[in-house]
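Chemist: The whole structure should be built from the sequences, with the hints applied where relevant.
So the protein sequences, as listed, match chains P and S. For what it's worth, our numbering labels the leading residue of the first sequence as 1, then goes sequentially. For what it's worth, our numbering labels the leading residue of the second sequence as 1, then goes sequentially.
Derived from the structure by calculation, the hints contain no laboratory data. In this text, a Cβ means the ideal position worked out from N, Cα and C, and glycines have one as well. Treat the hints with caution; some may be incorrect.
For each label pair, taking beta carbons as the anchor points, the in silico distance ranges come out as [as the list claims (entries may be wrong)]: (1) P193(P) - L311(S): 28 to 36 Å; (2) T313(S) - C268(P): 26 to 34 Å; (3) S251(S) - C268(P): 40 to 48 Å; (4) P50(P) - P202(S): 47 to 55 Å; (5) H123(P) - Y252(S): 51 to 59 Å; (6) D58(S) - R163(P): 26 to 34 Å; (7) T313(S) - E19(P): 35 to 43 Å; (8) S247(S) - F267(P): 35 to 43 Å; (9) Y34(P) - G305(S): 56 to 64 Å; (10) F249(P) - G76(S): 50 to 58 Å; (11) T313(S) - K246(P): 25 to 33 Å.
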Amino acid sequence: MREITYRQALNEALAEELERDPNVFLMGEEVAEYQGAYKVSHGLLQRFGPRRIIDTPISENGFAGLGVGAAMVGLRPIIEFMTFSFSLVAFDQVVNNAPNMYTMSGGQFNIPITFRGPNGPAHQLGATHSHATENFYASVPGLKVCTPATPRDAKGLLKTAVRDDNPVLVLEAELLYSSKGMVEPPDEELLIPLGKAEVKREGSDVSIICYSQTVPLALKVAAQLEEEDISAEILDLRSIKPLDEKAIFDSVAKTHRVVIVEQDHPFCGVGAEVCYRIQKNVFDALDAPVIRVSQEDVPMPYNERLEHAVLPNAEKLLAAVKQVCYA
Amino acid sequence: MQPVEQRDEVEMLSLMLLIRRFEERASQQYQAQKIGGFCHLYIGQEAVVTGAVAAVRDDDYIITAYRDHAHALARGTTADACMAELFGKETGCSRGLGGSMHFFDKKNHMYGGHAIVAAHIPLAVGLAFAIKYRGEDRVTLCFFGDGAINQGAFHEALNLAALYKLPIVFICENNLFAMGTSVKRSTSLGQIVDRAEGYDIPGEIVDGMNFREVRDKVSEIVDSIRKEPHPAFVEMRTYRYRGHSMSDPASYRTKQELEKYRLDDPITRLRAQLTREGKLTNEQFDLLDKKAKEMVLAAVKFAEGSPQPPLDTLYDYTYANGVMESGRPRPEEPAQQQRQGAPAPNPN
Numbered sequence: 001m002r003e004i005t006y007r008q009a010l011n012e013a014l015a016e017e018l019e020r021d022p023n024v025f026l027m028g029e030e031v032a033e034y035q036g037a038y039k040v041s042h043g044l045l046q047r048f049g050p051r052r053i054i055d056t057p058i059s060e061n062g063f064a065g066l067g068v069g070a071a072m073v074g075l076r077p078i079i080e081f082m083t084f085s086f087s088l089v090a091f092d093q094v095v096n097n098a099p100n101m102y103t104m105s106g107g108q109f110n111i112p113i114t115f116r117g118p119n120g121p122a123h124q125l126g127a128t129h130s131h132a133t134e135n136f137y138a139s140v141p142g143l144k145v146c147t148p149a150t151p152r153d154a155k156g157l158l159k160t161a162v163r164d165d166n167p168v169l170v171l172e173a174e175l176l177y178s179s180k181g182m183v184e185p186p187d188e189e190l191l192i193p194l195g196k197a198e199v200k201r202e203g204s205d206v207s208i209i210c211y212s213q214t215v216p217l218a219l220k221v222a223a224q225l226e227e228e229d230i231s232a233e234i235l236d237l238r239s240i241k242p243l244d245e246k247a248i249f250d251s252v253a254k255t256h257r258v259v260i261v262e263q264d265h266p267f268c269g270v271g272a273e274v275c276y277r278i279q280k281n282v283f284d285a286l287d288a289p290v291i292r293v294s295q296e297d298v299p300m301p302y303n304e305r306l307e308h309a310v311l312p313n314a315e316k317l318l319a320a321v322k323q324v325c326y327a
Numbered sequence: 001m002q003p004v005e006q007r008d009e010v011e012m013l014s015l016m017l018l019i020r021r022f023e024e025r026a027s028q029q030y031q032a033q034k035i036g037g038f039c040h041l042y043i044g045q046e047a048v049v050t051g052a053v054a055a056v057r058d059d060d061y062i063i064t065a066y067r068d069h070a071h072a073l074a075r076g077t078t079a080d081a082c083m084a085e086l087f088g089k090e091t092g093c094s095r096g097l098g099g100s101m102h103f104f105d106k107k108n109h110m111y112g113g114h115a116i117v118a119a120h121i122p123l124a125v126g127l128a129f130a131i132k133y134r135g136e137d138r139v140t141l142c143f144f145g146d147g148a149i150n151q152g153a154f155h156e157a158l159n160l161a162a163l164y165k166l167p168i169v170f171i172c173e174n175n176l177f178a179m180g181t182s183v184k185r186s187t188s189l190g191q192i193v194d195r196a197e198g199y200d201i202p203g204e205i206v207d208g209m210n211f212r213e214v215r216d217k218v219s220e221i222v223d224s225i226r227k228e229p230h231p232a233f234v235e236m237r238t239y240r241y242r243g244h245s246m247s248d249p250a251s252y253r254t255k256q257e258l259e260k261y262r263l264d265d266p267i268t269r270l271r272a273q274l275t276r277e278g279k280l281t282n283e284q285f286d287l288l289d290k291k292a293k294e295m296v297l298a299a300v301k302f303a304e305g306s307p308q309p310p311l312d313t314l315y316d317y318t319y320a321n322g323v324m325e326s327g328r329p330r331p332e333e334p335a336q337q338q339r340q341g342a343p344a345p346n347p348n
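Modeler: Structure, rendered in structure tokens:
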């Protein structure tokens, strides 16, 4: 194992998959000559050439659709959105074409495509650039959605996504690109299956269910809670769809108390689905109502203090944990 | 692969007859409530798809919008599979899961049947991208209506195709109406073909009621694309005799206008050309027509006799290579959650 950044981990995943399969290509705005808006594709143009690392005009609908068409005849496109906030311009391709094709064609055309890019609120980008899109996309049958929080998960999930025969969205965490973590050496194949959550920290008093940018937040809060003698288990969903119900139920069976901390909005958010499944399946294991911590139900303000108030943050999460623990 | 200019014109005439008789029968079956949803008929436009398909190889790609029955038939999808799809049967070309607007036939390189206006044009560019990526000499034919040219997807797709120099023919089937809105009320340009110029794509206007003109022009374009990949644009001037869909009486146009186009009927025209040249007798024509009618009647019988897609396959066509667990009803889920008549969960 060695320590690399989240950005490097994604870069390695791309390079390894491009190397492995000639049907894989990377397309998006500024992915080639500019070396990636967030430098995730750094060096790939030099290594794989312009046939496979392809710059596009600012036409998300157009190039997302191009990817879906190319996937119909067996190529494996990786389509980068500069941010998933911009994927909304391509919503029709991501929601109406990519996941419907397999059904509409009676199983004749599956779409092995990966849509990837940063997702979720970053820092003071205002309402249009701060979308957390996971709950929009996870509600669409035919799509798979994963949300890696660590360099290791980013690499392993992206590689798995590229090999999947269905449309997969890899929602990267904009604020975590420079974060570091331990990852297997490049000569060791790292594939992390979709639909497998991971306990990032063992605990016995409360389960904090989180994903993407809320994972480091939950870990930070867990350390604070330890000082107050509350042992928090941190369960990172890693994939939103498929959802690892077993890991969720196992953790609830152990701690009997749950807080879900999500980066999307509260109404019809990821936590609502997780919460439904918990009460439906392991109601008797609960010692307290499940609480969700999410964004506030408002468009993201630019002002830094207000933005902090909108986001799930440490204060809110601490308060929620204490509430479910009756502490 | 058969070079298609040599495809027999009499054979292509019988294909046009098959399309027409199929659509007439579909209309009747729709009125008899054997067919659900929306149903858009191609009657009047037969020369466009027949001529274009006659100009390409069987392994070239074709993709179209929702008025798609003819495109599947022209590509070799059987009338049986097409009618069964309209009936929602398992033997349909999309297993009864697509319906009138979503015909697919992978074997015959027919890539759909797409019902969001212009949303398939980027897909077509993707098909052409794959051709160039693999260094093949295929060509993509992308059909769409005059209504599609005012969607953003159309413009993005044309720009991408021109930028990457992709082997694709954009075929605009200009039947003068986007649903009930005439081109004059929807499009700022005097003629649609001028849209292509904005993207540095060569464009042509073709008489879409004339099979030979369509075939020869598309053939010429496709030959040049095979030599050096590039996009091209053709505005086919055509006309649909029926309304936009089955529910549309087409009161936005006059009887006189319709009659004018009927006199220019593509089938009558090719028939007259062939008769004049001594390649077809009246008796032969009648026989072709009779055969088309019989084939379509047999297709109705086939569709009627075909099974419905089994309820326990409901979750089989959402994800390729294995069903995904989350989303799928769990076997132990209590029965009261099911509405009356709702599909049963797959027990696997």
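Chemist: Give a verdict on every hint.
Modeler: Quick rundown of the hints versus the structure:
1. At roughly 30 Å, the beta carbons of P193(P) and L311(S) sit within the given window of 28 to 36 Å.
2. Remark: the range hint 26 to 34 Å for T313(S) to C268(P) is upheld by a beta-carbon distance near 29 Å.
3. For the hinted restraint 40 to 48 Å between S251(S) and C268(P), the CB-CB distance of approximately 42 Å keeps it satisfied.
4. A C-beta distance of roughly 25 Å is found between P50(P) and P202(S), which places it outside the suggested range of 47 to 55 Å.
5. For H123(P) and Y252(S), the hinted distance range of 51 to 59 Å is satisfied, since their beta carbons lie about 53 Å from each other.
6. Taking 26 to 34 Å as the suggested C-beta distance range, the pair D58(S) and R163(P) conforms, at roughly 32 Å.
7. With their beta carbons about 38 Å apart, T313(S) and E19(P) fall inside the hinted range of 35 to 43 Å.
8. A hinted range of 35 to 43 Å for the beta carbons of S247(S) and F267(P) is consistent with their spacing of about 36 Å.
9. Separated by about 60 Å at the C-beta atoms, Y34(P) and G305(S) satisfy the suggested range of 56 to 64 Å.
10. About 52 Å separates the C-beta atoms of F249(P) and G76(S), a value consistent with the hinted range of 50 to 58 Å.
11. Look at T313(S) against K246(P): about 26 Å separates their beta carbons, and that is inside 25 to 33 Å.
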